[in-house]
Amino acid sequence: MNQILLAVVGTIFLAIFAIAFGLILSGIDRRIVARMQARVGPPLLQPFTDVQKLLAKQSIIPANAIPCLFNTMPIVALASAITILLYLPFGSFAPVLGEFGDVILILYLLTIPSLALIIGGFASGSPYATIGAQREMVSMIAYELPLTIAVIAIVWRLMIAGIHEPFSILTLMQNPVWSVVGPLGIIALFILLVMMAWVLPGELSKIPFDSPEAETELAGGILVEYSGRNLGLFMLSQAVKMVAISTFGIILLLPWNLSQFFGISGIIAWITDTIIFALKVLFVMTVSVTIIRTTMARFRITQIVGLYWLVLGGLGAIAMILMMVDAFFCEMI
Amino acid sequence: MIGTLATGFGFWNPLMWIIVIVVAIFFSWLLWKLGETNYEGNIWQTAPYLSGNDEPEKEAIHIRAGNMYWGFTKALSVYYDHLIPLHSGIVSDYISWFLIGVVVLFMVVILV
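If you read the sequences in order, they're chains A and B.
Quick note: the first sequence uses the numbering used here, first residue 1, plus one each step.
Quick note: the second sequence uses the numbering used here, first residue 1, plus one each step.
Just chain A, with the same shape it has in the complex:
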């Protein structure tokens, strides 16, 4: 009963935290992009004002739309993005539902907000939205391959190193994979780091992977018919997903906390680790979203598939082979 109560309270608390943190991240992202383009940029809290304004505007339902799906999908997208947070640790705080789901579950949960967006796009009854939804579907299939390779390679290496329950998020949190690999494994992990850095903007449909929205050719594509509170909720789900996917990447490849190094404990450790966690999320977002979207142009959908399946898929295969060779030599020693 206590666990259920904890899950209910944790859901509401994490939802508020992730929405606030995600919107602030979005504000920082827009600010940095503006500065890189020699503009002043919007205020840091502009995303909050945007959502507030969207909630105050009419939500038009197109004549061709399927209203029940059209209205439900923004709610499903936000709710499913919130549930991912329950399985992820933040700083030195263990996941609320760490004992009730593993990394494979998180991989599945990460697809639900995108699926909700796709269903909402198809339910819009607009040619632009339909093309956008079709592109989002293809894009999702494309980035799932390198993401899954990265997860499996890391978990497999931990398993070979004799670590109990390698699929558990708690295990990944307590046993950084960098500490169990040899020199070849380090090279493999750097390759996986690069792969994850390219998966992140794809998951968030940010430039150069924003072909589902593509303002200049599809006028907003998958979201073209969305307005008012429905669009506001999709914005919030993107903000929450940004926190979730960044945290997932950090747990896989950058899981260290400062309290472990300095032997700090108690409330000071919580505060220190939370600040470091926030800085790590900011770093990940700046490197793989902000800088990439400022310096690159949009990929065509065929280029997105080519990059994820052929280039990053090939790199992933090399990383896995390096991992296997590394594990073989480590076992020999």
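It should be emphasised that the hints constitute simulated quantities derived from the structure, not laboratory data.
Being a predicted model, the structure only gives us computed values, none of them experimental.
No residue lacks a Cβ here, since even glycine has one placed at the ideal position from N, Cα and C.
Restraint-style ranges between C-beta atoms, simulated for each label pair: (1) A/Leu107 with B/Ile100: 30 to 36 Å; (2) A/Thr49 with B/His82: 51 to 57 Å; (3) A/Tyr108 with B/Tyr79: 22 to 28 Å; (4) A/Thr295 with B/Ile90: 48 to 54 Å.
Chain A is already provided as a structure; the job is to place chain B on it using the hints.
Leaving out everything else, chain B in the frame of chain A:
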């Protein structure tokens, strides 16, 4: 806790996820309800956005299921160009490919 499914490698508890998703949907619905509800249906605003152009016939703009994965099939066209001709529609061809596949699989399993 009741309902945790463990495969020996991974694990998850669907009951806990259902509780959490219900709470999250309720929270999201509350936010959605906070939004503006004053909306007049059946006005010109409900026409699909097409950059000011008239809406074509539905059949003319419908994306068929075969084109759903266009970006995917186009990007991997080298692979699909070789694969599609193999689908001759003749059952004996399919059985031959199946047998070849099984032989290759067995060789891999035995050798590795």
